[in-house]
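Following the hints, position chain P with the ligands against chain G.
For the protein sequence lines, the chains are G and P, in the order given. Going by this note's numbering, the first sequence opens with residue 1, and the numbers climb by one from there. Going by this note's numbering, the second sequence opens with residue 407, and the numbers climb by one from there.
Facing chain P, a subset of chain G residues (Cβ under 8 Å, in silico):
no. : residue
1   : Gln3
2   : Met7
3   : Arg10
4   : Asp11
5   : Arg14
6   : Glu297
7   : Ile300
8   : Ser302
9   : Ala303
10  : Ile304
11  : Gly305
12  : Met306
13  : Arg307
14  : Ser308
15  : Pro398
Rough simulated footprint, nothing fancy, chain G against chain P, three-plus residues with beta-carbon under 8 Å:
no. : segment
16  : 459 to 465
17  : 506 to 519
These aren't lab readings, by the way, just hints derived from the structure by calculation. For each residue, glycine too, the CB sits at the ideal point set by N, CA and C.
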Amino acid sequence: MIQTFKMAFRDLNRNRRRTFFSALAVGVGLALLMLMASVINGEMGGAIEQAINLQSGHIQVRAATYDENRNSLKWEDLVENPDQVASQIGALPPVQAATPRLFASGFLATGNDSAGVRIYGIDPASAANNPYRNGMLSGQFLTPDDSAGLLIGQPAAVRLHLKVGDDVSLSINTANGSVDEQTFTIRGIFSTGTYGFDNGTVLMPLAKAQAITQTQNHASTIFVLLKNTADTGSVMTALNLSGNLKALTFTDMNPLVVEWEAMAKSYIALFYIIILAISASVIINTLIMSVYERTREIGILSAIGMRSGRIMSLFLAESSLLAVGGVVLGWILGTAGIALFNINGFYVGNMGINGILISNTIYAKPVMADMTNLSIATFIVTLLAGLYPAIMASRMEPIAALRAEK
Amino acid sequence: MEVVKIENVTRIYKIGAIETQALRGVNLTIANGEFTALVGPSGSGKTTLLQMIGCLDQPSSGRVFVDGKDVTSLNRNQRADMRKGHIGFIFQFFALIPTLTAYENIEMPLLLNGHGANQRRERVMELLKAVDLVDRANNRPDQMSGGQQQRVAIARALATNPTLILADEPTANLDTANGEGVMEIMAQLNKETGVTFVFATHDPRVIKYARRVVTLRDGLIVSE
Ligand SMILES: Nc1ncnc2c1ncn2[C@@H]1O[C@H](COP(=O)(O)OP(=O)(O)OP(=O)(O)O)[C@@H](O)[C@H]1O
Ligand SMILES: [Mg+2]
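Next comes chain G alone, as it looks inside the complex (with noise of 0.2 Å):
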């Protein structure tokens, strides 16, 4: 056994330039994979996590004839005295924050310039807002009494020209179907990071929006912020609804995420194997020059009683040793790349995919399970590489390898 390893490490010494750059081929095989997994990771966590902290949170509890699509502010599709059903659901021991939120659409006009605007009306004492809190870039985050003020993302005030201070003319659905129009001051602009979420959404105190609207007491929505993803399903169980009110997770909410997460999952499934069979047909390749090479030495270790099966150890063993190499330059060169693309992260700006937040800045998030996974796939593959050149070399005739002149 450490006899067919010596043999099998001077042999790949004995050509050192070579099974460099075959380990070379598996490591930054593996390199590849892990930044890939590490970057689809980030992406991908990124957007669910995203999601849920900007716009779903983990469940939301609305009314039941409530359609988001359309922005309802009757009445009859609303949460009526949200504040009592919130605090009912705070009270559950996995939830973080659970807040009411009232939306409505708006138009948003300065002198010159107008856009179409979301509103949300949120309470800015709660938890739930804090990632809008932390965004801010100037001005102050708004206050609860606060009647004549709004939030502004980014990428609107940019387009609008518009800075902290300035009035702007605000246009409102209301619970009537008419709408009503009022003058806000910008006291503050913010930016969660996500171009999808910024552009075109305006935060305003829940109870202003309330007013405007003329919703009184009523939300659109409880949004539901856990302090673990995991219990998402055991809160909804134990959810005790009323029955003019349901429940929906961050599931249910984005389902172009959830979808596009499976389709992704695939892609990065066919993506390893492509690489993983670019290592192999290398490894192969090596092997089989090697056991042409040494066609004669195989026929004098025959000929002095080595039987087949010690002939395939001797290059399974060389096989293995290349994918030990690999696997370790894979590790360097994985966790270099890695580091690297994580000084700057990959910047998307707003990819423009409707329905999915994505951060501006991607960033690879490496997990120890499939870094270990895909080291473990790869040296499997590595070995099984070894084995068609490892047989070849044990069904050799003696005599004809030993006629094979030196």
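For chain P with the ligands alone, kept in the frame of chain G given last:
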């Protein structure tokens, strides 16, 4: 006691439609302790016959016995085991493993036979002494002369105390002095240990060491 018995052995090589009758019905018995030369012109079948005896190849017809055992119908691994335990080989091109040192080349058959570490060390040192290469123990083949390499090959062939050593033109790639040296060692080992030597050769200077000369022509034994 006979070490080798060959009965009516033929060997036909087929390459495409062309058949070559390398052996046409050879009968030969080699007794224990012989020091026998197979001679004959090129292509007469010397190497082919050695390969039959050495269980490296199998006859097209006829039977081969080595150490009283019928080796004609053995499978691959059984033939390997037969070679490992009973037969040592010495080839024209020295046939050492290039990545192993002289010491390790000699040790290899002992490893294959499952000898323990101490036993191996003792035996290898003993053999290195016998072929006068103690100071070359750690040289790889490319760091030795042809004569030295061939002496390592002799030591390796002897390592497991086989009953039979087959040498195919062991001196063909050596100059006269080295060739004589190698023959000297083989003759001496034959005398001291009684191991049987059969070697194929063209070299008249070598034939004079042989105590029995078997002449082949066109795949048949023509004289003794
Ligand atoms: N593998 C093979 N395939 C086809 N023909 C072969 C093969 N090996 C040997 N022969 C043929 O068999 C005959 C005997 O060959 P062999 O090698 O036994 O002769 P030899 O006496 O050892 O010759 P030399 O003195 O040149 O070594 C030759 O005609 C040779 O061409
Ligand atoms: Mg020959």
